[in-house]
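Enquirer: Those protein sequences? They're chains A and B, same order as listed.
The numbering of the first sequence is our numbering, which starts it at 126 and goes up by one.
The numbering of the second sequence is our numbering, which starts it at 82 and goes up by one.
Calculated from the structure, these hints are not laboratory results.
Worth double-checking, as some hints may not be accurate.
Stated by the list, open to error - Pairs of lysine-lysine residues, derived as DSSO-like cross-links and limited to a Cα-Cα distance of at most 30 Å, are as follows: (1) K232(B) / K163(B); (2) K430(B) / K149(A); (3) K194(A) / K156(A); (4) K232(B) / K153(B); (5) K163(B) / K163(A); (6) K232(B) / K430(B).
Stated by the list, open to error - Reference listing, derived: stretches of chain B covered by chain A, where coverage requires no fewer than 3 residues with Cβ under 8 Å from a Cβ of chain A: (7) 117-128; (8) 387-394; (9) 414-425.
From the three backbone atoms N, C-alpha and C, an ideal C-beta is built for every residue, glycine too.
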Amino acid sequence: MAISVKVMRRPEAGRTSYMRATLKGMSLTFKHLLRVKKVTLEYPEDQPDLHPRWRGTHRMEVHADGRPKCVACGLCPTVCPANCIRLVGGEDDQGNRYPIVYEIDEFRCIFCGMCQEVCPVEAIHVGQHFENAEYTRDRFVYDLDRLMEQDHPTTLLWDPSDPRSE
Amino acid sequence: MHEMNQLTTFWFWVIGGVKVLAVFTVVMAAVAYMTLAERRVSAFIQDRLGPNRVGPFGLLQPIADGLKNIIKEETMPGTSAKFYFVLGPALAIMPAVVTFAVIPFAAPLPTPVGTVDMIVADVPIGILYILALSSLAVYGIVLAGWASNNKYAFLGGLRASAQMISYEVALGLSVIAVLLLAGNVTLTEMVWQQQQLGLWFVFPLSLAFIFFVISALAETNRLPFDMPEAESELITGYHTEYSAMKFSMFFIAEYSHVLTASALMATLFFGGWDIPVWTGDDMFWHEGALIRGFDDAGAPIPATPSILITLLTLGAFCTKTAFFVFLYIWIRWTLPRFRYDQVMHLGWKVLLPAALGYIVLIAGTMLVLDQLGVPFGLLYGLVLTGVSGVTTIAFLFFIDRDRVIAGAHGMGAVARRREASRALLARRAAANPDGSVS
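Chain A with its partners taken away, still in its complex shape:
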């Protein structure tokens, strides 16, 4: 969809009126002054509506028994363009792989969402959440427990067959 360009019809030279244009402008601004509906979103009280494909703070999906769904395949740290995921994988007695260390540095992350796209078991997700301010820098490195605690809605993946997700 092209950006709609409004072509202004300029008056002929010698026919322009700055008096009337000024008065018109004054009345326009006054109308806006009186307009009750404002565009300001009073943020902490009113929350913005996040788009379903908004990519924000990560979260790790969990199994019903509380284990992370991650199988430590190592795809997400490989694909991560910002190199913000640290993964040390392990294997239990039955040969199931699981993450021993799984850390995401939210400072380094560029929220491209490629970790979610690449994950074969739909474990790691980016989510519809952005309020992750902290008082210290080290709090921005989210460990596995913290990622599993997140409960905000996860990001809807882009569907090539429905490119505008309608």
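Please arrange chain B on chain A, whose structure you already have, making use of the hints.
Expert: Below, chain B alone, put in the same frame as chain A:
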């Protein structure tokens, strides 16, 4: 009835001191809240809400801003001329806060010690004092621009000086028309003459009012005449290098000028503290007695000042001043900035000759009226209103015709080129009727 005596010397000093303190405090508070009004009105014009978090409706915002500016670190540019760098804001703010002293803001107040004029200093030179001191403000700006040793600040200072000098002329000439009609330079007398005329001077001197508003906008460096600041061209112009309270002082100075200019518009053209139609508030010191007018035989009628009248007239004055402050803000958030040559053009080639001609016209009309023996009253005012109205319409018609502040396409060469290219396109279209314009 109250004893209408004038104050004794002792009480004159005491009450004078109280008035100085009170007016200074009120002006400073008004200036602080004008910054809030500016931000809120601009926000509303742009469909935003503006600062509304600090206190109810953001009413404590100016206090928070002031506190922030006081505790912020002040930077001193290493290459600046230190002494003048510090002197600049001081010189800018002093004239700004003292000019309010000669503006009467209410009818005289009866007190047990005598009738107190609601004006800090009713000096005989009145408006001349304001013109003289407000011109001094440009020294602060020029010094700040020069002492910053920064090219943008320097250009801002240069522009300020040129603009101030240009519009001082138009401002002075527009005031002369008022002086002609009022017959005096004190602002108390101007209010009195407007009460006597039965018409506010804005009607008989409509064109002078328009000139005054335009020149006052330019004098206070407000948009559309904020050439010295001109953010898009000069960063912030003369106060680019200033920070913290010194920066804030330039803003206090600017808003004090706006307040004074608004109060002046109200006083010179809208009757000052006069309440329209009602004559009960007319009051003036005439030969040592407070009078409210003259009877048919020419004998003075004593006035009856009361606290109620003082409060009502104070309200009228504040309303008028607030309206003009709002007008300032409203204009600022509507009109774009003039180009520098347009500012000079408007000042020297339009306002100066037009104001001069207008003075001649008003003086001539008044001479004719005086020769015909028309008494100073409603008829006198209405005749002048008619003459002024015709002149104003003629003037507006003249500048309405794109001859004054021409936009890009109004400039001869550009317009001709555009005209030529349009003609060329038309010829091509005629030669090539299937519509493929190459």
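Enquirer: Each of the hints needs a verdict: does it hold here or not?
Expert: The hints, checked one at a time:
Between the alpha carbons of K232(B) and K163(B) the distance comes to roughly 17 Å, so the proposed pair stays at or under 30 Å and holds. At most 30 Å may separate the alpha-carbon atoms for a hinted pair to count; K430(B) and K149(A) meet this at roughly 25 Å. Using a Cα cut-off of 30 Å, the hinted pair K194(A) and K156(A) is violated, with the two alpha carbons roughly 57 Å apart. Taken as a hint, the K232(B) and K153(B) pair is honoured in the structure, with Cα atoms around 25 Å apart against an allowance of 30 Å.
Using a Cα cut-off of 30 Å, the hinted pair K163(B) and K163(A) is violated, with the two alpha carbons roughly 46 Å apart. Restraint check: the Cα-Cα separation between K232(B) and K430(B) comes to about 29 Å, which is no more than 30 Å; the hinted pair holds. Counting residues of the stretch 117-128 of chain B whose CB lies closer than 8 Å to any CB of chain A gives 6, which reaches the minimum of 3, so the coverage claim holds. Under a criterion of three residues with beta carbons nearer than 8 Å to beta carbons of chain A, the stated coverage of the stretch 387-394 of chain B fails, only 0 such residues being counted.
A count of 3 residues in the stretch 414-425 of chain B with a Cβ less than 8 Å from any Cβ of chain A is obtained; the coverage claim is therefore met, three being the minimum.
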